[in-house]
Structure formats: structure tokens, C-alpha cells
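Engineer: Residues per chain are reported as follows:
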Amino acid sequence: MKAIVVGCGRVGSAVAKKLMKVGWDVTAIDENEEALARLGEHWSGGFVVGHGMDVNVLREAGIEDADAVVVATNGDNTNIVVGQVAQKRFGIECTVVRILDPARAELYATLGLRTVSPTSTAIEVVTEAVKSCSVKPLRAPAAAS
Amino acid sequence: MFVLVAGGGKVGSNVARTLRRIGHEVTIIEQRRDRFAYLEEEFEHAAIVGDATEIFVLERAGIARPPDLVVAVTGDDEDNMVICQMAREHYGVAKVIARVNDPRNEPHFDLLGISPTVSATQTIMALIEHEVPEHELIHLLELRKENLEIVEVQIDKSSPSAGKRISGLKLPTGSRLISVMRGGHAEIPDSETELQVGDQVLAILEPGKEDELRRVLLKK
Numbered sequence: 001m002k003a004i005v006v007g008c009g010r011v012g013s014a015v016a017k018k019l020m021k022v023g024w025d026v027t028a029i030d031e032n033e034e035a036l037a038r039l040g041e042h043w044s045g046g047f048v049v050g051h052g053m054d055v056n057v058l059r060e061a062g063i064e065d066a067d068a069v070v071v072a073t074n075g076d077n078t079n080i081v082v083g084q085v086a087q088k089r090f091g092i093e094c095t096v097v098r099i100l101d102p103a104r105a106e107l108y109a110t111l112g113l114r115t116v117s118p119t120s121t122a123i124e125v126v127t128e129a130v131k132s133c134s135v136k137p138l139r140a141p142a143a144a145s
Numbered sequence: 001m002f003v004l005v006a007g008g009g010k011v012g013s014n015v016a017r018t019l020r021r022i023g024h025e026v027t028i029i030e031q032r033r034d035r036f037a038y039l040e041e042e043f044e045h046a047a048i049v050g051d052a053t054e055i056f057v058l059e060r061a062g063i064a065r066p067p068d069l070v071v072a073v074t075g076d077d078e079d080n081m082v083i084c085q086m087a088r089e090h091y092g093v094a095k096v097i098a099r100v101n102d103p104r105n106e107p108h109f110d111l112l113g114i115s116p117t118v119s120a121t122q123t124i125m126a127l128i129e130h131e132v133p134e135h136e137l138i139h140l141l142e143l144r145k146e147n148l149e150i151v152e153v154q155i156d157k158s159s160p161s162a163g164k165r166i167s168g169l170k171l172p173t174g175s176r177l178i179s180v181m182r183g184g185h186a187e188i189p190d191s192e193t194e195l196q197v198g199d200q201v202l203a204i205l206e207p208g209k210e211d212e213l214r215r216v217l218l219k220k
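Going line by line, the protein sequences match chains Z and P.
Going by our numbering, the first sequence opens with residue 1, and the numbers climb by one from there.
Going by our numbering, the second sequence opens with residue 1, and the numbers climb by one from there.
Accuracy of the hints is not assured; some may be wrong.
Unchecked claim - List time: in silico BS3-like cross-link candidates among lysine-lysine, alpha-carbon distance up to 30 Å:
| id | chain 1 | residue 1 | chain 2 | residue 2 |
| --- | --- | --- | --- | --- |
| 1 | P | K209 | Z | K88 |
| 2 | P | K219 | Z | K88 |
| 3 | P | K164 | P | K95 |
| 4 | Z | K21 | Z | K131 |
| 5 | P | K157 | P | K95 |
| 6 | Z | K21 | Z | K2 |
| 7 | Z | K88 | P | K95 |
| 8 | Z | K2 | Z | K88 |
| 9 | P | K95 | P | K170 |
Said to hold, decoys possible - For each label pair, taking beta carbons as the anchor points, the in silico distance ranges come out as:
| id | chain 1 | residue 1 | chain 2 | residue 2 | range |
| --- | --- | --- | --- | --- | --- |
| 10 | P | K170 | Z | S44 | 52 to 62 Å |
| 11 | P | K145 | Z | V22 | 46 to 56 Å |
| 12 | P | L140 | Z | H42 | 48 to 58 Å |
| 13 | Z | V126 | P | R104 | 15 to 25 Å |
| 14 | P | A64 | Z | R10 | 29 to 39 Å |
| 15 | Z | R59 | P | H185 | 32 to 42 Å |
| 16 | P | A64 | Z | V22 | 26 to 36 Å |
| 17 | Z | T119 | P | E106 | 52 to 62 Å |
| 18 | Z | K18 | P | R20 | 10 to 20 Å |
| 19 | P | E42 | Z | R10 | 40 to 50 Å |
FYI, nobody ran anything at the bench for these hints, they're computed from the structure.
Owing to the predicted nature of the structure, the values given are computational and were not obtained by experimental measurement.
Each residue gets a CB set at the ideal place from its N, CA and C atoms; glycine is no exception.
With the hints as constraints, model all of the structure from the sequences given.
Structural biologist: Now the structure itself:
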């Protein structure tokens, strides 16, 4: 199974390494050559320097025969566009797009994109963490609206 | 008409100003504080500060009404694509116009069905082609919705079509000659019109038929 990870930052590089570990053949793409260092010294997968909006870069990374694409650059709108290029132009059904803005993540999910919003997850986790403290709120909870 | 303009740089502010002058209602969104300060002086409450790809910013600018037209002219192609896509597919905006900053992104706009697009680079290149006669087949106009384009060719001595009647040319199906300019005068040709050296010929055709047309009109 072949995966392409567009954007090799904190999230992208970690996802690339994890997929690699469980047996995927992974190629990462990043604009910045130094991002290769994030993959560690023993990275045996592929790495392409370039912008995810550039179709030639995606091709060089082997998108044409990829089984999955993960898009996690630091720009939400770039991710939205690159994700749709992978999904619609290259027909990669398993395209997962990281979108920080929960509103856009939700909207594009309704438009058929497999979106993940770490911000939504953080909001839930943080709220739950506060609720699990042994401190009780002063007011009764507001009625659900 | 109510128009929402996303991007308040030179393009956006001038589009908004012109639309307002001819009596349309306009809101303009600009992210940069320094630019916004000027826009606010001129457009007052119709200028909104913020990232036009943020849904709450778009909603403050009235996207949910929805506008009759959304013009996305920021300096960032991804942003323009996302603005147009959300406007059309989520808010039911009937008409969008997008600016293409990097012509290499044009296929992405097409893929997402965002049309029409305006690209300064492409406009300039088309003008240059028009000025430089060595380019044998000049693209004058693309009618994307109709899936047709209008091209211009110049007939020269080596052209196989020189001295031939249009009825005698094997023009590709899906193409037609619509104008022949000779000695400064343009005429609408019919099948009996004879092409001559020096003629500037306009043709309408389906994209992809250029090579066939070029072969018939220009070379063996």
C-alpha cells in the first residue's frame, strides 16, 4: 500500500513515520528540504521537495498509483485545494485532509472531503479535561439550546 | 445588484469603487489592517476586516443573503478557490468571478468548477501573441461555458489554403471561419470566399481542434 503525505511538519512527519511502521510505502512532500530531518535518520521512504499545488510534484511523488493521500500543510486552504486535486483529479478515494478551522472542516466534510480538524478535537479534549477536575461550576448548567 | 468583493488590494478596491459608482451595493473584505484603514474611510460600514476564507467573516459581509455575485480577487489562489467554492456550493451564490494569480493554478480552478477566472499573465500573453505574428495560431477568446474558442490565423505564401475557396478546404468538423480581414476590412466569409495571402482569418472551434485547423489553413 502506497501513501503520500503532503506537508511534512509536526503532524505530517509523524503520520508518515507511523504509516511506514505499519507497513505502508510512504513518500512525503514538503516545500522545505529541511523537513526531511523530521523523518529521522533512518527514513527509508520517499521524499520530494516541492509545493503540493504543483501537479508535477504530486506526480513525482507517485500520486498516480497511490492508495492514500494525507494533506497536512500549514495552510488550511492549500490543504482543501490539494485534497480535492488528489480526490477529484487523481481519483484517490482515501484522501484525508487536515483543516485547523472547525467551520471549514465541517463545511468541506459535507462537500464530500474526508476532513480532520485537530482544533475540534482539542476543544473537546480540553473541555472534558476541565470537567473531569474535582472543581464544580457555581451555576447550574444552562439548558441545552 | 449586491456584490461581495473578497480582497481589498488594487484590484478589489477598484472593482468595489466602480461598482458602487454605477449604483450597486458592495461589501469589501480585507485582511490587512493597513489596507483596511483606507478602505474603511471610503466604504465605511461596507468594508469588513478579516480573512475572507473564514466563514464568520463571510457571514458578517452578508454571504448568507446571498449576494448576486462574489468576486474573489485576493493575492492567493487557494483562498480565491475556497471563497468561490464555499460561496457557490454552500451559500448558493449564483455567480462567482475569481482572480488567478499564478496561471499554473488554472487547472485547479477548472477542476473545482470555478469559472470565469481572470488571469493578468494570461491576458498579457494573449496580447503578446497577438502582436507577434510568428505565433501562427492566436487564441483570442475562450468561451468556456460554451466549450468553444475563437482563434486568429494569418494566411501566408506557404499556406496550403492560400488561393483556395473555403468550400474546397477540409475544415475539421466543429470549426468554422467567421471573419476574413483583408486590406483593413473584415468580411463574414461564405463557402465561395477565396482565401488570399495576407488574410487574417478568425475561426470559431471546439478546443482540441487547433492542430487540425492549423494543418488545413497553414501547413501541409
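Engineer: So, for every hint listed, does it hold in this structure?
Structural biologist: Here is what the structure says about each hint:
1. Restraint check for K209/P and K88/Z: the C-alpha separation of about 26 Å stays at or below 30 Å, so the hint holds.
2. With a CA separation close to 38 Å, the supplied pair K219/P and K88/Z exceeds the 30 Å bound.
3. Distance restraint check for K164/P and K95/P: the Cα-Cα separation of roughly 45 Å exceeds the 30 Å cut-off, and the hinted pair is therefore not satisfied.
4. At most 30 Å may separate the alpha-carbon atoms for a hinted pair to count; K21/Z and K131/Z exceed this at roughly 36 Å.
5. Annotation: proposed proximity of K157/P to K95/P is violated, straight-line Cα distance about 46 Å (limit 30 Å).
6. A distance of roughly 13 Å separates the Cα atoms of K21/Z and K2/Z; the hinted pair therefore holds under the 30 Å criterion.
7. Taking the CA atoms of K88/Z and K95/P, the gap is about 22 Å. The hint holds against a cut of 30 Å.
8. A C-alpha spacing of about 18 Å is found between K2/Z and K88/Z, which places the hinted pair at or below 30 Å, so the restraint holds.
9. Note on K95/P and K170/P: the hinted pairing is violated, with a Cα-Cα distance of about 40 Å set against a maximum of 30 Å.
10. Under the hint 52 to 62 Å, the C-beta atoms of K170/P and S44/Z, about 58 Å apart, fit the expected range.
11. Here the CB-CB span from K145/P to V22/Z is close to 47 Å, well matched to the stated 46 to 56 Å.
12. Our hint of 48 to 58 Å for L140/P and H42/Z holds, since their Cβ atoms are close to 57 Å apart.
13. For V126/Z paired with R104/P, a C-beta distance near 41 Å fails the hint of 15 to 25 Å.
14. Under the hint 29 to 39 Å, the C-beta atoms of A64/P and R10/Z, about 35 Å apart, fit the expected range.
15. Range check, R59/Z to H185/P: about 49 Å between beta-carbon atoms, so the 32 to 42 Å window is missed.
16. Taken as a hint, the range 26 to 36 Å is violated for the pair A64/P and V22/Z, whose Cβ atoms sit roughly 44 Å apart.
17. Range check, T119/Z to E106/P: Cβ separation about 32 Å, and the 52 to 62 Å hint is violated.
18. Remark: the range hint 10 to 20 Å for K18/Z to R20/P is contradicted by a beta-carbon distance near 53 Å.
19. Checking the proposed 40 to 50 Å range against E42/P and R10/Z shows it holds: the Cβ atoms sit about 42 Å from each other.
Going down the numbered hints, you'll see the structure goes against 2, 3, 4, 5, 9, 13, 15, 16, 17 and 18, while the others check out.
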